[in-house]
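Enquirer: Residue numbers (UniProt numbering), protein chains in the order written: chain A, 1 to 226; chain B, 1 to 226.
Everything labelled a hint here was simulated from the structure, so no lab data went into it.
On a predicted model such as this, the values are computed, not experimentally measured, just so you know.
We put the CB at the ideal spot given by N, CA and C, even for glycine.
Each statement offered as a hint is correct.
Calculated from the model, a selection of chain B residues having no Cβ within reach of chain A, i.e. all distances over 12 Å: (1) D22; (2) A24; (3) D25; (4) D57; (5) T59; (6) T116; (7) D157; (8) A159.
If you want the footprint, here are the derived chain A segments under chain B, 3+ residues with CB under 8 Å: (9) 31-45; (10) 91-99; (11) 135-143; (12) 183-190.
Protein chains: 2
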Amino acid sequence: MTTLSPTPRSTVRRLGNRARTDRADLYAVLDAGLVCHLGVVLDGAPVVLPTGYGRLDDTLYLHGSTGAATLRAAARGESICVTVTHLDGIVHARAVFHFSMNYRSAVVHGVPRLVTDDDERLAGLRAITENLAPGSWDHAREPTRKELAATQVVALDLAEASVKMRTGPPVDDDEDVAAGAAWAGVLPVRTVHGTPEPCPLLPADVEVPGHVSGREAPGEGGQQAG
Amino acid sequence: MTTLSPTPRSTVRRLGNRARTDRADLYAVLDAGLVCHLGVVLDGAPVVLPTGYGRLDDTLYLHGSTGAATLRAAARGESICVTVTHLDGIVHARAVFHFSMNYRSAVVHGVPRLVTDDDERLAGLRAITENLAPGSWDHAREPTRKELAATQVVALDLAEASVKMRTGPPVDDDEDVAAGAAWAGVLPVRTVHGTPEPCPLLPADVEVPGHVSGREAPGEGGQQAG
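The following block holds chain A by itself, in its conformation from the complex (with noise of 0.2 Å):
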């Protein structure tokens, strides 16, 4: 499956050129997050949370104990969100009402399901931890049973979702750009690692290692901001 399947709920109704529907770009927009928002329904109320993911082919992963939200659904089977948003770009436009911004952003629904199997456990764990910190299950130490005991996983499936961009220059009316009497144009905002800072109790001759200092940023080309 290389396009996206939208539902009604998923299809993009308003803007719908913002739309994308390539699975690549579903893939490429999660890849690049770290935090995704998590929506579940609570007492017929909306709550969203912040949350760590990581994606494993057609299959997200959270945390369950994410205030047990995501299990208290999966056991009830009933539907999340989970959106993951980027943030490019600020479009200042010659009038208020043009401005905008220029973001890529996943929006994924869909019944969670509490992952059982032990083997699935281990590599939901893994991909959440790759996917917030690269490098990292190989260099630190694996849980232990105890340990993977304590922590449920659940698994979303990435069949239900919808991908919106916007990218360019703002778009004004023609007779503001003819007037000439505002500044246009796009701020870029990106994100950026700074210095590690290493743990007080490690000792001061321990260097950081490669995957941790050399690490690019997310979707950019390994800039670091000391």
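Assemble the complex: chain A is given as a structure, and chain B must be docked to it using the hints.
Expert: Showing chain B alone in chain A's frame:
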């Protein structure tokens, strides 16, 4: 009111030590953000969408047009949830089990109110625009009456809100600290601005105004990554 008033759903149930109850913390987290994640319930299922926002005192303003979801909620008296998250660092622990993130997040619950007063609608739009792009409301062309009429604004009271933060180094088990087998520490994550990209339709001799070129990065000391 200087403290937040948690209700059952806005009380931080897990990891209570990460919760903050000072109202100033709520303002700080909201004001440092550009994008919120708006949660609504649609046909019983949660939908989470990224959108801009602005704050005036104890009111959060959103564009009513966001997927028409907030308008629908306002019309029906249904709750929405608005969450703003800043990722500050990736916490590398000595054990996979203790990996974490440093972050600040605010979660606001409430029934939105459709803004019908023209003055408040203008003030709300100004707050949204200025949160996204400070200095732009006075620089760019103000909305015409026709544009204003086409713009819906909803207000959300900040009465029911919670703030969570995590800061500092990893918290590892003593045995893992003693073993010294892995690097541990925090890789800071920051949002920075790039070099402004003028609109191609702008004459080449138009300078980038100070409110764009001199803008400080959210929550930072004004770093620019070229």
